[in-house]
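Here the protein sequences come in this chain order: A and B. Sequential numbering of the first sequence, starting at 1, is according to our numbering. Sequential numbering of the second sequence, starting at 1, is according to our numbering.
Calculated from the structure, these hints are not laboratory results. Among the hints, a few may not be true.
These stretches of chain A come out as covered by chain B in the derived footprint (C-beta under 8 angstroms, 3 or more residues) [claimed, not checked]:
1) 31–41
2) 227–236
Keeping only pairs whose Cα atoms sit at most 27 angstroms apart, straight-line, the calculated BS3-like set for lysine-lysine is [to be verified]:
3) A:Lys185 / B:Lys23
4) A:Lys52 / B:Lys23
5) A:Lys272 / A:Lys52
6) B:Lys4 / B:Lys70
The following residues of chain A were derived to be distant from chain B, with all beta-carbon distances above 12 angstroms [unchecked claim]:
7) His88
8) Glu127
9) Arg221
10) Val265
Think of the CB as a built atom: it goes at the ideal place given N, C-alpha and C, for glycine as much as any other residue.
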Amino acid sequence: MIYFDNAATTLRKPPEVGEAVLRAMETCGNAGRGFHGPMLNASRLLYETREKLAAFFGVGDPSRIAFASSVTDALNIAVSGLVRPGDHVITTACEHNSVLRPLYRKAEEGALLSILPADEQGRLDYEAFDALFSEATRYVFVQHASNLTGNFVDIARMADCAHRHGAILICDAAQTAGAYPIDVKELGIDVLCFTGHKSLLGPQGTGGIYVREGIEIAPFRVGGSGVHSYDRHQPAEMPTVLEAGTQNVPGIAGLGAAIDYLSMVGAGTIYKAETSLADQFLCGIRDIPGVRLYGDFSAADRMPIVSLNIGNLDSGQVSEYLWEDYEICVRSGAHCAPLLHKALGTEKTGAVRFSFSHYNTADEVRCAVRAIAEIASGEC
Amino acid sequence: MRSKKNYIILTFHTTQEAFACEKRCAERGLPGRLIPLPGEIDAGCGLSWRVPTEDYRAEDFSALGLSFEKIVPFMM
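Make the full structure from the sequences, and use the hints.
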């Protein structure tokens with residue numbers, strides 16, 4: 001089997017991730033509840049992983065990071081806890097449904113929503129972005145890179161523009177965290193939402209949210225915190241305010257081990273290895289008759305994602321051929337990015353997405369190129 | 001029956017600070033250990049740092065860079 005669906009979830013993890021999960025399951029109690037060895041093991045593990053994440057993302061105070069179960073969870077925490085009726089919010093046509101659907105719901109409740117359009121290559125018009133702001137604009141929700149085209153958004157530029165208008169920038173780093181260096185201060189990110197199971201190489205069910213000092217997010221989830229138990233309200237301090245209930249300690253243990261691995265190898269090194277494989281694939285398929293590519297390939301930096309269609313084949317059909325005939329795993333369909341598919345003109349067919357891990361090999365890429373050529377030759 | 005001793009109890013706003021204290025004390029060889037917050041003391045976090053009074057040096061703990069919520073003498 002060849003796995004090229006790493007933008008959905010990375011399948012291969014460093015072995016120490018699974019070992020850490022098992023060790024935590026065997027040694028950790030419920031963090032922050034009571035007082036005994038297993039509870040302390042769990043609490044120390046959360047503390048250490050929070051510190052590792054803070055160092056990884058350039059966050060000075062680790063307590064500004066709360067754990068979440070996924071990037072969708074983190075984004076829902078941000079949207080539900082920040083946006084109020086009457087607030088104007090700007091987002092883009094490149095976003096995933098994990099941003100769009102929470103914002104659509106807020107719009108139904110009285111928030112005002114503007115969506116920066118994308119062109120037929122998925123590029124955003126940054127000049128038009130500035131014109132969308134009004135006195136009511138409070139928040140900008142934007143992804144760091146597209147899960148469909150792999151193209152980056154110029155976060156620093158958008159953050160600068162948002163800050164000039166007095167707005168807060170919330171960044172969805174689902175596709176980039178772990179595979180591309182992120183420093184929240186350098187990029188001007190006020191709130192960072194990330195998942196643990198993609199390029200951070202941790203287990204599914206992990207993720208988190210960084211909230212800059214000075215920003216308060218009202219929690220939609222309240223409950224047990226282990227402290228201030230007689231108070232009717234959730235404690236207001238970060239991270240407790242956003243961490244009601246038992247934390248996913250085994251998953252967070254795995255995430256901590258993954259961060260150790262990534263810190264040792266370096267996100268920049270992983271990015272180079274993965275983009276090298278993506279470039280090899282791109283060079284192999286771009287001139288095959290019938291292959292259509294989606295996104296802006298002139299950009300200097302791209303995430304290791306290549307989305308395509310072949311002739312008049314439905315993307316689901318191609319993914320089935322790839323799996324049944326070649327044991328190649330890809331992602332077809334809409335990729336939860338409906339507005340970007342509309343912009344790219346692939347609303348009906350969807351697209352076939354190849355996404356690469358540094359664990360993939362050049363031989364695996366050659367197999368994929370051969371498979372695409374064979375499918376295309378049967379179609380054209 | 002356990003005999004009571006005099007301690008200094010340092011309390012925290014958050015659990016994160018409690019474990020930061022444990023880590024930094026271990027790195028610097030400072031005395032004490034985490035204990036459940038005594039019920040007589042009101043503080044934000046359910047954990048506290050207990051140091052035998054005779055071993056406590058205020059300047060060492062203020063140099064840890066933590067914002068302790070309370071620092072109180074306590075017999076237990």
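Evaluated hints:
Chain B is given as covering the stretch 31–41 of chain A, and this holds because 5 residues of the stretch bring a CB closer than 8 angstroms to a CB of that chain, at least three being needed. With 3 residues having a beta carbon nearer than 8 angstroms to a beta carbon of chain B, the stretch 227–236 of chain A meets the requirement of three or more and the stated coverage holds. Note on A:Lys185 and B:Lys23: the hinted pairing holds, with a Cα-Cα distance of about 26 angstroms set against a maximum of 27 angstroms. Between A:Lys52 and B:Lys23 the CA atoms are separated by roughly 14 angstroms; this keeps the pair inside 27 angstroms, and the hint holds.
For a cut-off of 27 angstroms, the pair hint linking A:Lys272 to A:Lys52 stands: about 22 angstroms separates their Cα positions. With a C-alpha separation of about 21 angstroms, the suggested pairing of B:Lys4 with B:Lys70 holds against the 27 angstroms cut-off. At roughly 34 angstroms from the closest C-beta of chain B, the C-beta of A:His88 stays outside 12 angstroms, upholding its exclusion from the interface. Interface exclusion of A:Glu127 from chain B stands, the closest Cβ pair being 42 angstroms apart, more than 12 angstroms.
Remark: the non-interface label on A:Arg221 is consistent with the geometry, its nearest Cβ contact in chain B lying 18 angstroms away (cut-off 12 angstroms). Against chain B, the non-interface label of A:Val265 holds: every CB pair exceeds 12 angstroms, the least being about 25 angstroms.
In this structure, none of the earlier numbered hints is contradicted; all agree with it.
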